[in-house]
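Number of protein chains: 2
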Amino acid sequence: MSTAPAAPPPPVLGTYRRREAARRLAESARTVPSLAKFEQVAEDTQARVLTTTETVPLDRLNGWHYDERAGFITHESGRFFSVEGLRVETQSPLVAWEQPIINQPETGILGFLVKEIDGILHFLMQLKSEPGNRNGLQLSPTVQATKSNYTGVHGGLDVPYLKFFQDPARRRVIADVRQSEQGSRFLRKRNRNMIVETNEPVDVRDGFVWLTLGQMHRLLAAKDLVNMSTRSVLACLPLGVAANVSEDEGFGAALARSLAPDGPVVHPLVNVLSWITETRTRSEMRARTVPLSILADWEFTDGRITHRAGQHFDVIGVRVEAVGREVAQWHQPMIRARAAELAAIFVTRVRGVLHVLMQLRAEPGLTDTAELAPTVQCTPADCAQLPPEERPRFLDLVHSARAVDIRFDTALSDEGGRFYHTGSRHLVVETGWLPEPPEFRWLTLGQLEELTQHSHYLNMQARSVLACLRSLFPGDDDEQHHQR
Amino acid sequence: MSTAPAAPPPPVLGTYRRREAARRLAESARTVPSLAKFEQVAEDTQARVLTTTETVPLDRLNGWHYDERAGFITHESGRFFSVEGLRVETQSPLVAWEQPIINQPETGILGFLVKEIDGILHFLMQLKSEPGNRNGLQLSPTVQATKSNYTGVHGGLDVPYLKFFQDPARRRVIADVRQSEQGSRFLRKRNRNMIVETNEPVDVRDGFVWLTLGQMHRLLAAKDLVNMSTRSVLACLPLGVAANVSEDEGFGAALARSLAPDGPVVHPLVNVLSWITETRTRSEMRARTVPLSILADWEFTDGRITHRAGQHFDVIGVRVEAVGREVAQWHQPMIRARAAELAAIFVTRVRGVLHVLMQLRAEPGLTDTAELAPTVQCTPADCAQLPPEERPRFLDLVHSARAVDIRFDTALSDEGGRFYHTGSRHLVVETGWLPEPPEFRWLTLGQLEELTQHSHYLNMQARSVLACLRSLFPGDDDEQHHQR
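Chains as they are written, first to last, in my numbering: chain F, 1 to 484; chain B, 1 to 484.
There may be inaccurate statements among the hints.
Unchecked claim - Simulated coverage check for chain B against chain F, where a stretch passes if three residues somewhere in it have a Cβ under 8 Å from a Cβ of chain F:
no. : region
1   : 37-46
2   : 51-57
3   : 121-132
4   : 414-426
5   : 446-455
Claimed, not checked - Among chain B residues calculated to face chain F with C-beta under 7 Å, some are:
no. : residue
6   : 17
7   : 18
8   : 173
9   : 192
10  : 329
I should point out that these hints are in silico values taken from the structure, not numbers from a laboratory.
Don't be surprised by glycine CBs; every beta carbon is placed ideally from N, CA and C.
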């Protein structure tokens, strides 16, 4: 073209680098040094950081008010988030409901900073206190920032290490994908899940510690320690490498084979994508916001919003006082579950390759209709009151699972910035082959890993419990994969 | 697990079949028999089918009315679609606007039925008349059905061949993905783009004809012949096979290398996905529906809705009379553009591999913020009035392109069920290397093909013009790829 500028040399052609990252991350997962340093940092931070949270009536929160015109609870700045009513209609005229929901239409960053130390990739993790945490500190990403945080609406200090995530020149991207938050609590909320590697020297601030992936995998087994954001990002890490454990009969080998890209699968990916397309088309919902005051089945009394039958969750107000945080004192609404939830996945070995039974589940706050969810996702206390035919499928099999078949069982918290003392039992149960109901499919970890490169395929609970399953990836200190 | 049923044998493990489909489709693309049969069917159908469309004032359409409470134009059944006002706010306080938009929150089917005939995959295509078509018949998918169509709201006849798309036992899925319609005309409208293969005998009805992919590629060069839905589905076909044309210097060989999976690329896919994530985060919009009567810059007079400056498009009413269609006579609103649009892509060869300069473009009706769009997507007549610094980037280079660099140049129509005599000039221009502005990247056809497996990556205009570029895939009758 005559008017085009003279062609400068194009950049060097690269090839797909995801597998190289996966190889180095798998090596980090196999590396499990002593946790003594981590425990020291946790102890020091615990002594330095103090967050106290007390309940305050929703209608007496400084900075927040009930907007009579809209019927929402909003912040006087117009920022942060609002609590709104939602009316949901499905394609079945028999299924419709109303509920409160958090509207926070902005995309935050959940970021892991990664660096090679002594030849092994290490993750810079933060021990962080959030107002809703049941037990003080939890293991958090390097950066966990709402847009309000990182654009300064909090009037807080700079977010440490944020520059590595914002400046392309300072990092190499391993993954960068927007993923949904809980679609029954948030209206179309998403966060950027980022993993970036740097070669620059990194100054380790108070409360931060370098961990290998193997160390994080060990810590996932501790109750309420690894926070929700960390689990979400862990699930987005590429970990699939060509499996060279073909003779091994153990669970760990079946897991490693499941992660391998291009390994054998029950359902080719094109069929999985078609099943997702079809189910999403069938399960489209219409959801629109309505005033909190007109929600059927919910009442706003005693300074909180509760379900009349005492189910689901409350919206409460809290006053937070934090020493060692960027802002020292504030009020805010929070979600408090009435009972622990359950996120359980069934796994089975098909010719030596682990498959996970995933459910495609519609939730009103999801950006795209339905996402893959754990085999069972529910609040068991609420389900106990339902007649058997209305209970979630496979819940009975969870209740009757034998201890020897339970591969993972840990209570883990929801995000402590929005959820107060709220969490789920995370369960991995090995079963025999089970027939697939229409909304369920047996998938490999490699297939799920391919889908996590893209937004809107795995819901928060699925990512969370899959991070737990992936934590059983055999480490060098680990003999269990040579057994059973 | 003790309570699990005895395990039945699991299905046979399959491996990823997309490449096998691509190999067979590439073979179909290379096969270009005579078009005599197609021309005969077109002639016969033209003699049998007659659709006449005349303009009627919007406020005098049978079955439609202006809903005073909502401020929308709706159908009395509450079905089909509505015309609503939209207020759009971007993250820049300086950029906000209002416009009419079509709200049709349901997912239709655009489907190709494929069958092997004499060892080559053939596509069952329909010569179909739509009310907005400028020139009568256009080449349409086997099935092109809104949900109203296929659930019978039209009171029309059964949709022919629909069973192959609905019954999993009767087909093998090649692709099945929901893709967006035009995000500046439709509010979150999507269609299932499906390609399914059958082994059953297929009865060819009047108006239908079997074509190879190579024949369709030739027909794409004809003005207003291959309709928008067909172009959309064509772009979702897997066509990438390992390239064995390493010595060939021609354009066709550079195109084939660009389609090859795992070929060399300027930007690894992980970086492309990160760029999409970042740009989408930055370009989030808020859009909400408002009454048509309050739209700034638009007026509802003389039975149509027009832009006060005579730009963009009109919403008009039409009366349609169709002989040979399932419903004989009806009224409906339609969109009529004020001038032809432009969908232009620049391509360049980087070390013998064709790359396409794609733009990430936000549109208010898109489900997920922004999608990949052609290098230039605009209405040139509207842009001529803008000061130079506000004109779309690269538009000047389109205007000054040399004829020898234009690889494809055909006027093609928008979907004739909603758009009246409206279409775009589709242009493929070969250039030298151009530096990438922040919202632009040079990508290979293989990368774009990988992204079309998933929803919400390529907008309608991008799919449409990429189908045109892919139609230059060399056929066996084609010597041009050995030249230049």
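Consistency of the hints with the structure:
no., hint, verdict
1, 37-46, "violated (count 0)"
2, 51-57, "violated (count 0)"
3, 121-132, "violated (count 0)"
4, 414-426, "violated (count 0)"
5, 446-455, "holds (count 3)"
6, 17, "5 Å, holds"
7, 18, "6 Å, holds"
8, 173, "4 Å, holds"
9, 192, "6 Å, holds"
10, 329, "30 Å, violated"
Going down the numbered hints, you'll see the structure goes against 1, 2, 3, 4 and 10, while the others check out.
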